[in-house]
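Trainee: In this text, residue positions in the sequence shown follow this note's numbering: the first is 5, and each later residue adds one.
Calculated directly from the structure, the hints in this document are not laboratory data. Do not rely on the hints blindly, as some may be mistaken.
Think about it this way: if two alpha-carbon atoms lie no more than 20 Å apart in a straight line, the pair counts; the simulated SDA-like pairs of lysine to any residue are [unchecked claim]:
| no. | residue 1 | residue 2 |
| --- | --- | --- |
| 1 | Lys74 | Ala94 |
| 2 | Lys74 | Val16 |
| 3 | Lys74 | Asn31 |
| 4 | Lys74 | Ser35 |
| 5 | Lys112 | Trp6 |
| 6 | Lys112 | Phe15 |
| 7 | Lys74 | Glu18 |
| 8 | Lys112 | Ala94 |
| 9 | Lys74 | Trp86 |
| 10 | Lys112 | Pro60 |
| 11 | Lys112 | Gly65 |
| 12 | Lys74 | Trp40 |
| 13 | Lys74 | Gly33 |
| 14 | Lys112 | Gly9 |
| 15 | Lys74 | Ile107 |
| 16 | Lys74 | Gln111 |
| 17 | Lys74 | Met5 |
| 18 | Lys74 | Leu11 |
| 19 | Lys74 | Gly96 |
| 20 | Lys112 | Thr72 |
| 21 | Lys74 | Arg7 |
| 22 | Lys74 | Ala103 |
| 23 | Lys112 | Arg7 |
| 24 | Lys74 | His109 |
| 25 | Lys74 | Pro47 |
| 26 | Lys74 | Val99 |
| 27 | Lys112 | Ala62 |
| 28 | Lys112 | Arg69 |
| 29 | Lys112 | Asn10 |
| 30 | Lys112 | Thr61 |
| 31 | Lys74 | Pro60 |
| 32 | Lys112 | Val75 |
| 33 | Lys74 | Asp38 |
| 34 | Lys74 | Gln56 |
Quick caveat: nothing in here was measured; it's all calculated off a predicted structure.
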Amino acid sequence: MWRWGNLLLAFVAELVALGIFAWWGWNAGGSTLDRWVLAVLLPLATAVVWGQFAAPTAPRGTPVRRWTVKVLVFGLAGAALWSLGHPLLAVGFVVVVAANLLIIHTQKLQPTKPS
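Using the sequences and the hints given, assemble the complete structure.
Mentor: Dropping the structure here:
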């Protein structure tokens with residue numbers, strides 16, 4: 005149950021990061037067209053990079069690449085949230101994500117006990 009809860013939290017954090025990129029893209033664009041393009045393309049590009057390098061079944065994923073992409077995506081999402089004028093949410097998001105990733109990582113390192 006604990007493991008599944010942490011995996012669910014990790015998935016939700018990934019979706020939140022995509023939402024933050026869309027929100028940031030909307031605010032960064034000048035014209036309405038720019039806003040729409042950035043709000044759609046930033047999360048889409050992030051999802052493609054995540055799928056190629058950080059997803060559990062990523063075709064180009066190695067342990068170093070997975071961690072690098074995760075740190076970049078979540079770090080940039082936190083920075084984007086900060087730049088949107090929400091520093092407390094940004095810090096909270098990054099802290100929750102870091103704790104979640106640490107828990108998931110340590111769970112994978114521990115051998116499973118036979119029942």
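Trainee: Run every hint past the structure and note whether it holds.
Mentor: We went through each hint and held it up to the structure:
Between lysine 74 and alanine 94 the alpha-carbon distance is near 16 Å, which keeps this suggested pair within the 20 Å criterion. A threshold of 20 Å between alpha carbons decides the hint, and for lysine 74 with valine 16 the separation of about 14 Å falls inside it, so the pair holds. Taken as a hint, the lysine 74 and asparagine 31 pair is broken in the structure, with Cα atoms around 24 Å apart against an allowance of 20 Å. For the given pair, lysine 74 sits about 31 Å from serine 35 by alpha-carbon distance, which is inconsistent with the 20 Å threshold.
Simply put, lysine 112 and tryptophan 6 have alpha-carbon atoms about 13 Å apart, close enough for the 20 Å limit, and the pair holds. Restraint check: the Cα-Cα separation between lysine 112 and phenylalanine 15 comes to about 17 Å, which is no more than 20 Å; the hinted pair holds. For the given pair, lysine 74 sits about 9 Å from glutamate 18 by alpha-carbon distance, which is consistent with the 20 Å threshold. About 27 Å separates the Cα atoms of lysine 112 and alanine 94, which puts this hinted pair outside 20 Å; it is violated.
Taken as a hint, the lysine 74 and tryptophan 86 pair is honoured in the structure, with Cα atoms around 18 Å apart against an allowance of 20 Å. Pair hint lysine 112 plus proline 60 holds up; C-alpha atoms about 12 Å apart against a cutoff of 20 Å. Proximity of lysine 112 to glycine 65 is assessed by CA-CA distance (about 17 Å); at most 20 Å being required, the pair is judged to hold. This hinted pair does not check out: lysine 74 and tryptophan 40 have alpha carbons roughly 25 Å apart, beyond 20 Å.
Of the supplied pair hints, the one linking lysine 74 and glycine 33 is violated, its CA atoms being roughly 25 Å apart against a limit of 20 Å. Between the alpha carbons of lysine 112 and glycine 9 the distance comes to roughly 14 Å, so the proposed pair stays at or under 20 Å and holds. Restraint check for lysine 74 and isoleucine 107: satisfied, since their Cα atoms lie roughly 14 Å apart, inside the 20 Å limit. For a cut-off of 20 Å, the pair hint linking lysine 74 to glutamine 111 stands: about 17 Å separates their Cα positions.
Annotation: proposed proximity of lysine 74 to methionine 5 is violated, straight-line Cα distance about 24 Å (limit 20 Å). Distance hint between lysine 74 and leucine 11 is fulfilled; the C-alpha atoms sit about 14 Å from each other, no more than 20 Å. Note on lysine 74 and glycine 96: the hinted pairing holds, with a Cα-Cα distance of about 17 Å set against a maximum of 20 Å. For the hint linking lysine 112 to threonine 72, the alpha-carbon distance of about 18 Å falls within 20 Å, and the restraint holds.
A hinted pair counts as satisfied when its Cα atoms are at most 20 Å apart, and lysine 74 with arginine 7 qualifies at roughly 19 Å. For a cut-off of 20 Å, the pair hint linking lysine 74 to alanine 103 stands: about 13 Å separates their Cα positions. With a CA separation close to 10 Å, the supplied pair lysine 112 and arginine 7 stays within the 20 Å bound. With a C-alpha separation of about 12 Å, the suggested pairing of lysine 74 with histidine 109 holds against the 20 Å cut-off.
Note on lysine 74 and proline 47: the hinted pairing holds, with a Cα-Cα distance of about 14 Å set against a maximum of 20 Å. Of the supplied pair hints, the one linking lysine 74 and valine 99 holds, its CA atoms being roughly 14 Å apart against a limit of 20 Å. For the hint pairing lysine 112 with alanine 62, the CA-to-CA distance comes to about 17 Å; that is within 20 Å, so the pair holds. Proposed proximity of lysine 112 and arginine 69 is supported: the alpha carbons are some 17 Å apart, at most 20 Å.
Of the pairs offered as hints, the one joining lysine 112 and asparagine 10 holds, with about 12 Å between alpha carbons and a cut-off of 20 Å not exceeded. Taking the CA atoms of lysine 112 and threonine 61, the gap is about 16 Å. The hint holds against a cut of 20 Å. For the given pair, lysine 74 sits about 12 Å from proline 60 by alpha-carbon distance, which is consistent with the 20 Å threshold. Simply put, lysine 112 and valine 75 have alpha-carbon atoms about 18 Å apart, close enough for the 20 Å limit, and the pair holds.
Between the alpha carbons of lysine 74 and aspartate 38 the distance comes to roughly 27 Å, so the proposed pair goes past 20 Å and is violated. For the hint pairing lysine 74 with glutamine 56, the CA-to-CA distance comes to about 12 Å; that is within 20 Å, so the pair holds.
In this structure, the earlier hints numbered 3, 4, 8, 12, 13, 17 and 33 are contradicted, and the remaining ones agree with it.
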